[in-house]
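*Asks:* Whenever a hint applies, use it, and build me the whole structure from the sequences.
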Amino acid sequence: NAGVMQNPRHLVRRRGQEARLRCSPMKGHSHVYWYRQLPEEGLKFMVYLQKENIIDESGMPKERFSAEFPKEGPSILRIQQVVRGDSAAYFCASSPVEGSNYGYTFGSGTRLTVV
Amino acid sequence: LAKTTQPISMDSYEGQEVNITCSHNNIATNDYITWYQQFPSQGPRFIIQGYKTKVTNEVASLFIPADRKSSTLSLPRVSLSDTAVYYCLVGDIDFNKFYFGSGTKLNVKP
Numbered sequence: 001n002a003g004v005m006q007n008p009r010h011l012v013r014r015r016g017q018e019a020r021l022r023c024s025p026m027k028g029h030s031h032v033y034w035y036r037q038l039p040e041e042g043l044k045f046m047v048y049l050q051k052e053n054i055i056d057e058s059g060m061p062k063e064r065f066s067a068e069f070p071k072e073g074p075s076i077l078r079i080q081q082v083v084r085g086d087s088a089a090y091f092c093a094s095s096p097v098e099g100s101n102y103g104y105t106f107g108s109g110t111r112l113t114v115v
Numbered sequence: 116l117a118k119t120t121q122p123i124s125m126d127s128y129e130g131q132e133v134n135i136t137c138s139h140n141n142i143a144t145n146d147y148i149t150w151y152q153q154f155p156s157q158g159p160r161f162i163i164q165g166y167k168t169k170v171t172n173e174v175a176s177l178f179i180p181a182d183r184k185s186s187t188l189s190l191p192r193v194s195l196s197d198t199a200v201y202y203c204l205v206g207d208i209d210f211n212k213f214y215f216g217s218g219t220k221l222n223v224k225p
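Chains A and B, in that order, give the protein sequences. With the working numbering, letter number 16 in the first sequence gets 16, and the count goes up by one each step, no holes. With the working numbering, letter number 66 in the second sequence gets 181, and the count goes up by one each step, no holes.
These are computed hints drawn from the structure, not numbers from a lab. All of these numbers come straight from a predicted model, not from anything done at the bench. Keep in mind that a hint or two might mislead.
In the DSS-like style, the derived pairs of lysine-lysine whose C-alpha atoms are separated by at most 27 Å in a straight line are [to be verified]:
id, chain 1, residue 1, chain 2, residue 2
1, A, Lys-71, A, Lys-51
2, A, Lys-27, A, Lys-71
3, B, Lys-118, A, Lys-71
4, A, Lys-44, B, Lys-118
5, B, Lys-220, A, Lys-62
6, B, Lys-220, A, Lys-44
*Replies:* What follows is the structure, encoded as structure tokens:
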């Protein structure tokens with residue numbers, strides 16, 4: 001079991017470009033969560049998805065950010081027209097059932113740098 | 116959403132026991148207390164979870180007083196590899212968005 005896989009590990013984008021971050025949950029996990037971490041800060045919740053459904057996106061900026069978790073394939077966090085303030089580490093976590101604290105497993109994150 | 120307060124940083128030496136206390140004055144009846152560990156450039160890793168009294172596993176113990184307004188993570192005989200940031204989280208077992216706070220940066224010295 002490979003755990004939660006995130007790619008790429010590092011992503012550099014110029015201002016105005018699009019960033020696509022991928023997350024493959026652990027085998028058997030159907031719930032995916034995305035968090036953002038700025039340097040020297042804690043993680044901040046962005047969005048919670050199940051297969052083909054967005055359950056809670058209250059932590060995600062209304063503009064430029066979107067997330068999906070299709071029936072087949074990884075979950076994608078998409079940031080359009082990136083700005084320098086989007087530079088951060090983005091972590092994905094997965095769990096087998098809703099609210100399963102024991103089941104939360106985080107990936108190693110994608111570090112986005114906007115230049 | 117019960118917020119938590121932890122010391123920003125702590126220093127310790129190898130072999131010592133480390134206790135990190137977290138305050139959560141507004142904890143709700145259904146809330147559990149969970150601790151995560153995060154190394155640089157890695158995602159958080161679950162350490163321990165509890166509701167009341169004491170919980171122990173192979174890596175740590177968690178002490179929760181009767182009023183549950185605080186909790187203490189105890190790491191026995193720390194080593195250099197325990198240098199990390201430790202987060203205390205409080206939330207309902209059905210709660211899906213953790214509030215991480217800034218955590219406690221533990222620095223273990225030789």
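*Asks:* Against this structure, judge whether each hint is valid.
*Replies:* Hints, one by one, checked against the model:
1. A:Lys-71 / A:Lys-51: holds, 6 Å
2. A:Lys-27 / A:Lys-71: Cα-Cα ~14 Å, so holds.
3. B:Lys-118 / A:Lys-71: violated, 35 Å
4. A:Lys-44 / B:Lys-118: holds, 13 Å
5. B:Lys-220 / A:Lys-62: Violated: Lys-220 of chain B and Lys-62 of chain A sit about 32 Å apart, past 27 Å.
6. B:Lys-220 / A:Lys-44: holds, 17 Å
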